[in-house]
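Heads up: the sequence lines are chains H and S, in that order.
When we follow UniProt numbering, the leftmost residue of the first sequence carries the number 1, and every step to the right adds one.
When we follow UniProt numbering, the leftmost residue of the second sequence carries the number 1, and every step to the right adds one.
Treat the hints as calculated values from the structure; they're not laboratory data.
Do not take every clue at face value.
Said to hold, decoys possible - The calculated EDC-like cross-link candidates involving lysine to aspartate or glutamate, where the alpha carbons are at most 20 Å apart (straight line), are:
no. : chain 1 : residue 1 : chain 2 : residue 2
1   : H       : Lys-43    : S       : Glu-180
2   : S       : Lys-15    : H       : Glu-17
3   : S       : Lys-162   : H       : Asp-84
The chain contents come next:
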Amino acid sequence: MQQPQHAYILHKRAYRETSFLVDAFSREQGKISFVAKGAQRGKSQWRSLLQPFQALEITAIGKASLKTLQSCEGAALALRLSGDALYCGMYLNEVLNRVLHPELPMEGLFDAYVTALDALNRGDAQQPVLRQFELRLLDEMGYGVSFDVDYQGDPLRPGQHYRLLEEQGFVPVMPMRGSLTGDVLNAIAEGNWDAQALSAAKQLCRTALKPLVGEKPLKSRELFIKRVTT
Amino acid sequence: MKFSPLINELITSLKCLPGVGQKSAQRMAFQLLERNRNGAMQLSVALHNAMQHVQHCQQCRTFTEQNLCDICADGLRGESAQICVVESPQDVMAIEQTAEFKGRYFVLMGHLSPIDGIGPADIGLDLLAQQLSELQIEEVILATNPTVEGEATAHYIAQLCKQHNVNASRIAHGVPFGGELEYIDGNTLTHAFAGRKSL
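When you get a sec, could you build the whole thing from the sequences and use the hints?
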């Protein structure tokens, strides 16, 4: 008998007349895919449970990569994200759906995801939540960047300008376009999110995430862009 | 054993129907050839006509063979100041059957779902924004489904409405009529409580 796993739904699409094909992020197994048979029927209890941002306890059986959902219970009430917090949540899901490898457990990342969702649900400022999650994600995927020392292991000096070199770390440079000062990087390292640190972290994460999420642009970003331009 | 080319083509074509695989397609093909040639001819004509002529209504995006659908072409309703935004033409039918709503519709043909690559432009929201700014619209009723994607869509449109100073309202969701609280799932009940109204 299999133990129930903690999981969140990342993505769901209709399958046949009455079923769903679901991609979920489970704490124990990483990204898993399963068929939820009959979940599209009007009377199915699974219908309301198989929604994003709902903490679930599921058992999915089968040896192949596509499993069959056997049981599914809500571990807590669904988070009721609304507005921008909801878009942020969708962004997290889209990123996770791109970067996770099937059936590779990522417990640290799962916990970071839960922390981020809780923070969004509480109404915390959204930018820092997203940046912290992204930095954690990079760390967990082995693309981590250390924000307190340069490529030789020396502490970052506040007045010095730095550039991030792939797979090496921060290299001291002359001030130029795209270079960042040591104090901004230190602020990111300490989680001291002022406006400068936020915009620097956003650029850094975006660049660092690129090899992970691929060339196709993330659609959730469009949800935000619209309002800034109009 | 192999079927003749024409039969093969028919079977392959039938497989484009939802839920029809190789076996069902074969069964359908032989049923039509053997027992129902008239029906099949009719089907092929109907399919051809529909695919050739059915398009999106220029105002509300539902399916129609005219430029404007019946509701939009109706003098009173087509220029109504109330728009009801729904996800699919089936939703229009469901609301029409209640005969409760006298305005016109806007059919998104889907919902915002970034993970599937569906953004605002893919569900015709630029057209809706254009109508909000150019036409006299007083209220937008958001009747998207009570799913996470439906909520996101509703919220996005509500923001559009705000930019254009148009009222937006969301249909209520909660306990179904004739239902019993005991059997209702927690999420629906929470929604029902959050959306309670004073009497």
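Determine which of the earlier numbered hints do not hold for this structure and return their numbers in increasing order. The structure breaks none of the hints.
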